[in-house]
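J.: In case you want the letters, here they are:
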Amino acid sequence: MKLNPLLAAALAGACGLASSAAHADALSWDPSWSFSGFGTLGYVQTNTSQADFVGVGQSAGASKDGSFNPDSKIGGQVNAKANNVFSATVQAVSKYNDAGTWKPVVEWAFVKAQATPELAVRAGRIGLPFYMVSDYLNVNYTNLWVRPPLDVYGQVNFSHFDGADAIYQTSLGGTTLTGQVFYGETNTPAPVRVHSHQQMGLNLTAEFDNGITVRLGRAQGKITVDSTSLDGLVGILSQTPFASVGDELSVTKKSASFTGAGISYDHENFVGSAEFTKRKTSSYISSTTGWSVTGGYRLGKFTPFAVVSKLKVDSSNVDDTIPAGVPQLAALRAGVEGLIASQHIAQKTDSIGLRWDAYKNVAVKAQYDHIKPDGGPGLFAKVQPGFGTSAVSVYSVSVDFVF
Amino acid sequence: MKTHHIPRLAAAAALCLASAGAFAQVAVVVNPKSPLASMTADQVSGIFLGKSNTLPSGATAAPTDLPDSAATRELFYTKVTGKSTAQVKAAWSRLVFSGKATPPKELASSAEVKKFVAANPDAIGYIEKSAVDSSVKVVFSAD
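Protein sequence lines correspond, in order, to chains A and B. If you read the first sequence in our numbering, its first letter stands for residue 21, the second for the next number, and so on. If you read the second sequence in our numbering, its first letter stands for residue 5, the second for the next number, and so on.
One or more hints might be untrue.
What the hints assert, rightly or not - The calculated EDC-like cross-link candidates involving lysine to aspartate or glutamate, where the alpha carbons are at most 20 angstroms apart (straight line), are:
| hint | chain 1 | residue 1 | chain 2 | residue 2 |
| --- | --- | --- | --- | --- |
| 1 | B | K83 | A | E288 |
| 2 | B | K87 | B | D137 |
| 3 | B | K83 | A | D229 |
| 4 | B | K104 | A | D182 |
| 5 | B | K55 | A | E227 |
| 6 | B | K83 | B | D72 |
| 7 | B | K87 | B | D46 |
| 8 | B | K119 | B | D137 |
| 9 | B | K104 | A | E288 |
| 10 | A | K380 | B | D147 |
| 11 | B | K104 | A | D229 |
Everything labelled a hint here was simulated from the structure, so no lab data went into it. Keep in mind the model is a prediction, meaning the values are calculated, not measured.
Please put together the full structure from these sequences, using the hints given.
T.: The structure is reproduced here in structure tokens:
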């Protein structure tokens with residue numbers, strides 16, 4: 021992780037602000053540290069052998085053969101505090117990844133300067149605030165579901181950036197308002213290397229004292245995908261009259277954005293949330309809309325819940341002008357059409373589940389998802405021909421813990 | 005989630021009360037020199053649920069918790085914040101794992117809480133009402 025000069029300047033500025041704004045005693049050396057951990061042991065089985073149900077960023081998961089891959093994970097976090105102003109946080113998570121290993125990933129590693137009680141500046145590797153539960157995406161214990169609804173949370177397969185942000189938090193009566201601006205870049209590891217540059221975003225949250233939280237967020241940047249097969253196809257197309265199709269497919273410094281609005285409710289025994297999100301790119305990665313609505317009711321230690329969610333493909337972003345029925349162009353057209361079809365991730369999900377707060381830091385959950393792909397692969401992996409027309413039943417049980 | 009305060013690690017004596025079942029009332033206490041005269045349940049919950057890190061006086065609060073096993077802790081959270089132990093745990097997990105806040109410093113007993121509050125002008129803690137003495141000032145109590 022390298023810090024560019026801009027970020028270094030931002031951090032230096034924050035330090036200066038902190039030094040001048042804080043009381044002298046706040047900068048005294050008063051070190052403390054804490055270690056926290058979280059994890060999930062989850063088992064998933066489905067009723068199909070034509071595709072694998074997977075978690076975000078995975079290429080193999082559960083089918084009729086059950087699997088621990090989609091949801092199981094373990095993470096640890098160290099918070100180190102130098103004094104009331106300066107602190108550092110490192111979080112590492114091990115979960116099944118795209119490469120088929122459990123190699124731990126440093127999700128976060130940032131230093132934070134609490135310049136004033138309202139303003140904090142962070143620099144380093146920071147969680148991307150794309151969603152309502154981005155801050156604790158991996159900590160399933162904090163959520164009602166077995167996993168955040170994939171129709172919303174499956175749209176982007178990276179969750180942090182290297183850069184800096186500033187967070188301003190203030191209270192107005194019983195309402196807590198938080199505003200965050202960020203800037204940075206993300207590079208995902210092999211096998212699918214995605215680079216997201218010049219990412220900038222804004223995230224606004226209002227937490228009312230009646231249990232309602234409202235969130236609005238917007239992020240945009242330039243994305244590049246390292247893919248020799250994609251580059252090959254674009255290269256061939258550039259030699260033909262269909263170069264424009266290649267330009268539309270290409271993911272080299274293409275603009276992309278993610279916009280989301282959400283509301284959550286937690287008051288007495290009622291819990292609920294709703295989220296609406298839009299992914300936009302100008303490449304073969306389709307532009308999508310994902311939404312979900314969750315409702316639950318606490319009955320002592322048990323919380324039954326239901327979720328309805330949908331992922332819609334708004335545009336394939338590619339206008340395939342290669343004519344059909346021309347033998348010489350058939351292979352080329354098939355390549356382009358295949359790529360477009362792979363991005364038809366639309367699906368609709370109805371879920372019911374139960375959370376049981378079995379022990380003070382352990383939750384046991386069971387969930388049933390009825391997923392209907394829209395004729396394409398949906399968010400499934402290892403998709404066989406013929407998949408996509410009938411609904412899939414997904415059965416999940418998990419144990420979540422924090423320590 | 006355990007917070008270690010390096011200088012105090014050695015000092016933390018295990019003075020657990022055998023049973024807090026006999027104490028039905030909880031008092032929220034601050035330093036006697038604090039300008040605060042009283043606090044509302046919302047102000048107290050705000051600090052103990054991590055929604056606010058400042059006392060009504062504007063100072064950065066230094067809250068302290070009793071251990072998970074203490075009956076007074078459960079009584080405090082149920083009566084003052086209206087949340088169950090599991091809900092409080094989930095709320096703090098959200099804050100801790102987002103690096104936004106550190107949970108209140110956990111002290112072993114009411115005696116430890118009083119000692120900490122008496123020594124720290126911005127401290128806030130809760131103890132069973134019968135343990136209140138002149139070393140601390142009560143700003144809120146729940147029956």
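J.: If a hint holds in the structure, say so; if it doesn't, say that too.
T.: Status of the hints after comparison with the structure:
Of the pairs offered as hints, the one joining K83 (chain B) and E288 (chain A) holds, with about 13 angstroms between alpha carbons and a cut-off of 20 angstroms not exceeded. Taking the CA atoms of K87 (chain B) and D137 (chain B), the gap is about 28 angstroms. The hint is violated against a cut of 20 angstroms. Only pairs whose Cα atoms come within 20 angstroms are accepted, and K83 (chain B) paired with D229 (chain A) is accepted, the gap being roughly 17 angstroms. Among the hinted pairs, K104 (chain B) with D182 (chain A) is consistent with the structure: their alpha-carbon atoms are about 18 angstroms apart, no more than 20 angstroms.
The hinted pair formed by K55 (chain B) and E227 (chain A) meets the criterion: a straight-line CA distance of about 9 angstroms does not exceed 20 angstroms. The straight-line distance between the Cα atoms of K83 (chain B) and D72 (chain B) is roughly 16 angstroms, inside the 20 angstroms bound, and the hint therefore holds. In summary, the hint linking K87 (chain B) to D46 (chain B) is supported, as the alpha carbons are separated by about 12 angstroms, within the 20 angstroms threshold. For the given pair, K119 (chain B) sits about 11 angstroms from D137 (chain B) by alpha-carbon distance, which is consistent with the 20 angstroms threshold.
A hinted pair counts as satisfied when its Cα atoms are at most 20 angstroms apart, and K104 (chain B) with E288 (chain A) does not qualify at roughly 24 angstroms. A distance of roughly 24 angstroms separates the Cα atoms of K380 (chain A) and D147 (chain B); the hinted pair therefore is violated under the 20 angstroms criterion. Restraint check for K104 (chain B) and D229 (chain A): the C-alpha separation of about 19 angstroms stays at or below 20 angstroms, so the hint holds.
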